[in-house]
Each structure stands twice: as structure tokens, then as C-alpha cells.
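Enquirer: Here the protein sequences come in this chain order: A and B. If you count the first sequence from 1, you need to add 2 to reach my numbering. If you count the second sequence from 1, you need to add 140 to reach my numbering.
Among these hints, one or two may not hold up.
What the hints assert, rightly or not - Taking beta-carbon pairs under 8 angstroms as the criterion, some of the chain B residues facing chain A (in silico):
no. : residue
1   : Q213
2   : L216
3   : W293
4   : Y296
5   : L299
6   : V468
7   : F471
8   : H495
9   : L498
10  : V513
11  : H530
12  : D533
13  : Y597
Said to hold, decoys possible - From the structure, some residues in chain A lie toward chain B, with a derived Cβ separation under 7 angstroms:
no. : residue
14  : I43
15  : V45
16  : Y50
17  : K156
18  : S190
What the hints assert, rightly or not - Covered stretches of chain A, as calculated for chain B (at least 3 residues, CB under 8 angstroms):
no. : stretch
19  : 71 to 78
20  : 143 to 153
21  : 173 to 182
22  : 256 to 270
23  : 298 to 309
Keep in mind that the hints were calculated from the coordinates and are not lab data. Please read these numbers as outputs of a predicted model, since none were measured by experiment. All residues carry an ideal CB built from backbone N, CA and C; glycine is no exception.
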Amino acid sequence: MNGFIPLWPDAASAHAGQVDQLVIAFTVLMVALTAPVFVLIVVFAVRYRRGKAANRTHRVNRSVWLETSWAAIPFLLTLFFFVWAAWLYFDLHRPPADAMEIDVVAKRWMWKFQHPEGQREIDDLHVPAGRPVKLTMTSEDVIHSLFVPALRVKQDVLPGRYTTLWFDADRPGSYPLECTQFCGTDHSLMHGRLVVMAGQDYARWLAGTQGGDTLAAEGRALFRSLGCSGCHGPGATVHAPKLEGLYGRPVPLQDGSTVTADEQYIRDSILEPNSRIAAGYPPIMPTFRNLVDEGEVQQLVAYIKSLATQPAEPTP
Amino acid sequence: MTDIQAGLPASGIVPETAEERVSYLRAGHSLRSWLLTTDHKRIAILYLIAITAFFFIGGAAAALIRLDLLTPQGDLLSNEGYNRAFTIHGVIMVWFFLIPSIPTTFGNFLIPLMIGARDLAFPRLNLLSWYIYVLGGLVTIYVLVTGGVDTGWTFYTPLSSMFANGHVVAAAAAVFIVGFSSILTGLNFIVTVHTLRAPGMGWGRLPLFVWSHYATSLVLVLATPVLAVTLALMAAERLFGIGIFDPALGGDPLLYQHLFWFYSHPAVYIMILPAMGVVSELVAAAAHKPVFGYWFVAFSSLAIAVIGFLVWGHHMFVAGQSMYASAVFSFLSIAVAVPSAIKVYNWTATLYKGHISLEPPFLFAMSFIGLFVIGGLTGLMLALLAVDVHVHDTTFVIAHFHYIMVGGTVSAFFGALHYWWPKFTGRTYSRIWGRLSAIFIFLGFNLTFFPQFLLGYLGMPRRYHVYDPAFQVLHVLSTAGASLLGVAYVLPFAYLLYSLRHGAPAGPNPWPATGLEWTVPSPPPKHNFDRIPVVTEAPYAYPVERRGDDG
């Protein structure tokens, strides 16, 4: 993206290169399909200009075959690109299982990132090169959208919901990171940098950044201070679901349906405990909506996820 | 007799004064004779004046936006000021110019003339829809002068319903109100086309302009109520805190987007279909040949209207909808391009071996085809899922839809204005200036919007007025183009008004072209036809050469 007039954006991931290939190939097809229109309009306008002598003899038959072919052939050619583009898009929705997880909270007009090791960043995000990173994102207020042009990826960030975005940046460097969903007054100031660092540089950055505890450990402290352990902890007298081994498992609900205990379910159970009640438990949990913000909810979720490997106690 | 009685659909003999028989423009000179008219031609003129005013207000907002973007720091406007400028630009241009533009002026004026009727089916309803439009417009002016609105024309929730601090409810009310004007106009056109066609004017003999307006009217009637309901729900959440869209109140923000685009994507076709109808007329008249593949062109309008209802999800590929839903919407969005492609190829084929005139209206038509093709193809790119993920909500999208709506619809609007101006007014204008303005509009438009494709792919988000300094050169080019475009849009205003007083009389058929509207005097008498015509031949019945000739 150098020069007086930049013409093509940086590419910091394999996916970016693949999107560029798709765009270039499709542009070639489009030029091939439309060049005849532009050329013929000019040629006809010159050759058959009113008042100019020319051979204008032509048949008046309807030409169903011609009509059908110029409708069908471009359509079929475009379908090839539809499949290609859908393939790349589906990839964006299937994060690898070993991706490093970073939590994101968008708020008018800033980005907050929480690393699993506990580092927190505002607006800038440091990630290691060559390692898949999965962002789990939510918003405190309106809809935002996280866009990194160099990665050719973008995902809206919604209030009340987790959306995810994953990428595998392989070229170290510093790239713009923007909010692209209009979010009010300072929308155009809601941007930062994605800093992709080589392995050792990233390790050095992690070590040099005041991180405190890991995200899960912070969640654990919060879990205690909010009094969650009074009901969900070992030895609690209240009949509440145990959280060990919960994450990723199916939970039977009171209404007979089953839900997988993913991040969204755990979040909703903290903020809106009565929306989906686990079967066999009385709906007695209060909402923590006014006690924790989305960032703290993510810490709690991280803690509960860290309990996934512990054995679940038999449900009553 | 009063104007209201005179405007009743004429069945048989209508008493006319001598003045009325000469021209609808002479049927009363008082303000009252205009403001209470039920003559479709006078109502068309009322609309032309009103939408021109809004075009210039919306254009002024665009000028502010482009000037502000000259520098990467956004020196001219505050953050809030910039947001209000692009919001009012969008609201006015979409609802108060583009959607009503061609149907309410040219559709209103020409549909009865083209099908051999003396007026629309419901002349008083027609006048009412103009008043509703004006009422909606006044509410918009109120929003503008009291400080504006800062949500973007899309009014996305929960920003609009819970967070924005401008006059959101008043702006939504304006759009709500003007929607009824659209619905009534659509209804009027549908009934008119079904019931008031002259003897012999079968469906296969309808001018393509009428076909495209018929398809447009179906969309107007079916889609606009959805927008009205959506905006009412948004206003209810804002005013009364009823949780519909805001998750903090138990709502779903994506529901708003589904409802909004269920209207607003078809609305794109409301804007482009009438333009396509205009271009079909212009291309046939330019080539002096029947339109190639009449039925394909006619039915492609209906196909666009129908498939256009099934593609709204392509606005939401990164919004968080299911990836399978996205794939279906992507497929359908590619499919909806097929009927458009059919039209473009048919127009080109129509020129083959024609007698091509390069008078101003025809230059606008060629310009339409070129710009519409670029807009359509970049639309196909946006329909490709992985590409959209990158360019969604960047200036690439801005450039794409301006190529369709401004490059397409506004070029067609100016083409129509230059083609039928002699019919509207009875006067001819300067052909030289007409050609120049067509060329300037084409050049200025491309210089304004082509750089925005590049900017968008580079990663320039839309609705940003503070941006990466690396993008400045392209922004300056775009603003330079906008300046040329602005001048080019004012030009016709000058020479067309000049022609009203100084233009030579046009005669009934200056181009010369087929079509019933060219069989009556220019300007037409108040009741259009002395005797309702009997149609005996297909449309565009231009002579066809059997042998080489001298042109």
C-alpha cells in the first residue's frame, strides 16, 4: 500500500491472498462479459449513426436462443465464483480447535481486548504470527463491527450476543483495525492497530506487559467475590447446577429442549438466568446484569470454561 | 366548472374550454388552479418542482461531505456534524428524490398518455399523494432546521432507538408519511394500467416504460408497508422503551435489519426499474428500431420485482446471520442480476443496424448503460460472500450503489427530462448544452465514484470523516469529480428554464418517435386525446430495412 496513490491493500494472511485471487479472477470474467457491450455500443453508434449510409438489412425474428444463451452462460460462469466465495466464507466460520482465544468488548468508542494470560489492551491488539487467533466479541451498547483490511475479515459485534472472528496472520507488521458499523458521534475515531509479532517478540511483549493473573484466575476471584460459590461451589446447601465439566456439554432445559453449554449460554445464564432454566433446578438465581460488565462476564466465562476439564459431579 | 370536476376520468365527452384544448398549461393560471388540480400532467409538474428542491438540498449535504473529506482530519465539520450531513443526505436522496423521482414525474405525466387514457384511474388520490409527499417533506425540513438526525439513513437499532441524540422520531415520521404517498401512487398506476388502456392496447403493446412502472408499483404497494411498520416499532422502542430491538430490553437488534432490508432492498428496484423503463424508450427512439426481445425486457422487469424480495439478507453477511442463510442470499443475489443482464444485452442489440441519434437524451441513455453495468458488476462482487466480508461497509459499497442510483437512476432521470421536456413544455432547448451536460455528468460521476471503489478495497470504512492520510489523494480526486458533477447538474437547470421562454416550439413529435404520447400536441391538451385512440400496431413500430439503404 505504498506510493502516491495506494492501489492495493497489504495482505497479512493466507486468506487475504485467497480473497485477492478471487477478486482478480472475477474481475477478469466481468471484463470479458461486458467488454462486448461497451465496444459494441461505440461501434454501433459510429457505424449506424443516423444519416450515415450503411447496410442495415436484418432479420426481424425473435431470437430465443440468443436471449437464453446470454442469460444462462454468464449466470453459470458466475455460479462457479459463488461456490469459490462461499467456500472461503465457510472457512471463516470454522475456527480451528487449537486457536488462541482473545475476548473483545466493543464500547462507544473503543475496543477492549483481553488475552487469556490476563493482558488487557485498549484499541491495539497484539497477536503472534502464524498462530490462529479466535476473537469472541460482544458490545456494551450498540452494534459495532471489527474490520482488519489486511486480513480481509470483518464481523459485526452485537450487544447481548457473542460473535466470533478468526484469522491466522502470518506476516509480522502493524495494520489498521477499524469499526465499520456506524456507532454514533466518534465512529470514525474508533480504530486501532493490529500488531502481528513473530513468536519470540510476542512472548517478550507478553512478559513485558503487566498482565496480573490469567483471565480464568481473575474470573475465579470474581466468582468468589460476587458470592457465586455460595450456591455453585462445593458444599453449597442451595440446589444449584455444578459448573465443573459444564462447558461444551449438552444441558437439558426445563422446557424439554437441550442446549450446548457454550460461551453464549454461560453468559446468558449469568445476565438472564431465567431465560433458559436447566431442568431440575428451581429458578432462583438473580440476574447479575447490574453487577458485572461484559468484560467481567468474559472473565467469569473463562473461569467456568477452565472448569471444563474437571470431572462433573453426578447430577441429582 | 371546477378543476376537480374536470379531472374526473373522462368517459365519453368532456366539456372543455378552448384554452384547455390548446394546452394543459393554459387551463387556469391561478395558484389555486395548480394546487387543486387533478390533472396528472400538472401533478407531475408539482412533483417535478418538489423533488428538484429536495435534490438540491440533498446535493448540498453531499457537497458538505465531499468538502469535509478533502482532509484526513475532517476539518470542516465536527464528528457530529458529519454524521448529520450524511444522514440527511441519505434520507432526502432516497425517500424524497430517488424513490419518487421517475414514477411521480414521468410516470405520472406519461402513463395515461402512453396507454391512451385521459388521466390516471384516481385523479384526486393522485393529488392527495402529492400533498402527503409535501407533508413528509416538511417534516424532514423541520428535522433539518432543528438540528438534524445522526443515525444514518438506515436507522439501525439499538443506535437509533436507544442511543442517538438527534431527531430520530421526527425523521422516521417523515419517512413513514412519505411512504403513504408511494403506496397511493403505486396503487393508482396498477389500477390505471389494468383498467384504462385504450382499445387495442393489449399487454403485448404496452410501452416498456409502462411495464417497468407496473413492476415498480407492485413493489411500492407490497414493500412500503413493511418499512412503515418497522419504523413505527423503532419509534415505539425509543419513545416508550418497549423492548423490540434492543437486547438490553430483551429485543433482537438483527430483527430490525431483517425488517428494514426486506423493504429497502426492493426499494433499490423501486429506484432502478423506472429508470430501465426510460432507457428502453430512449434506446428504441435513438436507434429508430423496435426494442430487441420485447417480451424478455418486459418480463425481466417483473422477474426483478419478484426476486428482489428474496435477496435482503445480502446486507447481513457479516451481521451475524447463519452462514447457510448467507449462502442462499448470495445465490439469489446473483440470480437477480440475470434479468438486468438481459436488459443490457437487449439494449445493445437494439442499437445493431439502427439509425442512431446522438441527441442529448440518447447520450444520457448510453451513459446510463455504461454506469449501470459497472454498478451491476460490482454488485455481483458484493454478492460473493468472501468478497463482501472484506468490502462490506466500506466506500466500495458506497461507490457501487451510487453507480446504480446516481449513475443509473439520475442519468435516466436526466435522459427522460431531455427526451420528454418538449412534450412537457412545448419547447426545445439547446442541443449543444444538452450534449455537454450529458458528457460532464458522465465524466464527473466517474471521477467522483471510481476512486471510492479503490478506497473501499484498501479498507476505507464508510461514514468515516477522520481517515488514514494515505487515502487523501483518492479522496481529493473524488471531491474534484463531485465539483464537476455539481456544476453539470446545475447546467440543465439553467438551459431548460431558459428554454421555457426562449426555446423554439417543439411540435408534437420532435425526435421523431413512436408512441401515443407523440401523437398529441406539445404540450398536450388538458384531456390528452380529443378522441380515445384505437391501437392497431405493436409498440416501437419503426420501419425495418430489408435492404441496405442510405440511412
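Enquirer: Each of the hints needs a verdict: does it hold here or not?
Expert: Structure-based check of each hint:
1. Q213: Result: violated, 10 angstroms to nearest chain A Cβ.
2. L216: Not OK, violated: L216 of chain B not within 8 angstroms of chain A, min 14 angstroms.
3. W293: 10 angstroms, violated
4. Y296: 6 angstroms, holds
5. L299: 4 angstroms, holds
6. V468: 10 angstroms, violated
7. F471: 6 angstroms, holds
8. H495: 4 angstroms, holds
9. L498: Check passed: Cβ of L498 of chain B comes within 7 angstroms of chain A, closer than 8 angstroms.
10. V513: Constraint on V513 of chain B satisfied, holds at 5 angstroms.
11. H530: 4 angstroms, holds
12. D533: Check passed: Cβ of D533 of chain B comes within 4 angstroms of chain A, closer than 8 angstroms.
13. Y597: With a minimum Cβ separation of about 7 angstroms from chain A (threshold 8 angstroms), the hint on Y597 of chain B holds.
14. I43: OK, holds: I43 of chain A within 7 angstroms of chain B, min 6 angstroms.
15. V45: 9 angstroms, violated
16. Y50: Holds. Min distance 5 angstroms.
17. K156: 5 angstroms, holds
18. S190: With Cβ-Cβ at 4 angstroms, under 7 angstroms, it holds.
19. 71 to 78: Per the Cβ count (4), the hint holds.
20. 143 to 153: Three-residue rule met by the stretch 143 to 153 of chain A, so holds; n is 7.
21. 173 to 182: The restraint on the stretch 173 to 182 of chain A holds, since 4 of its residues have a Cβ under 8 angstroms from chain B and three suffice.
22. 256 to 270: Three-residue rule not met by the stretch 256 to 270 of chain A, so violated; n is 0.
23. 298 to 309: Result for this restraint: violated, n = 0.
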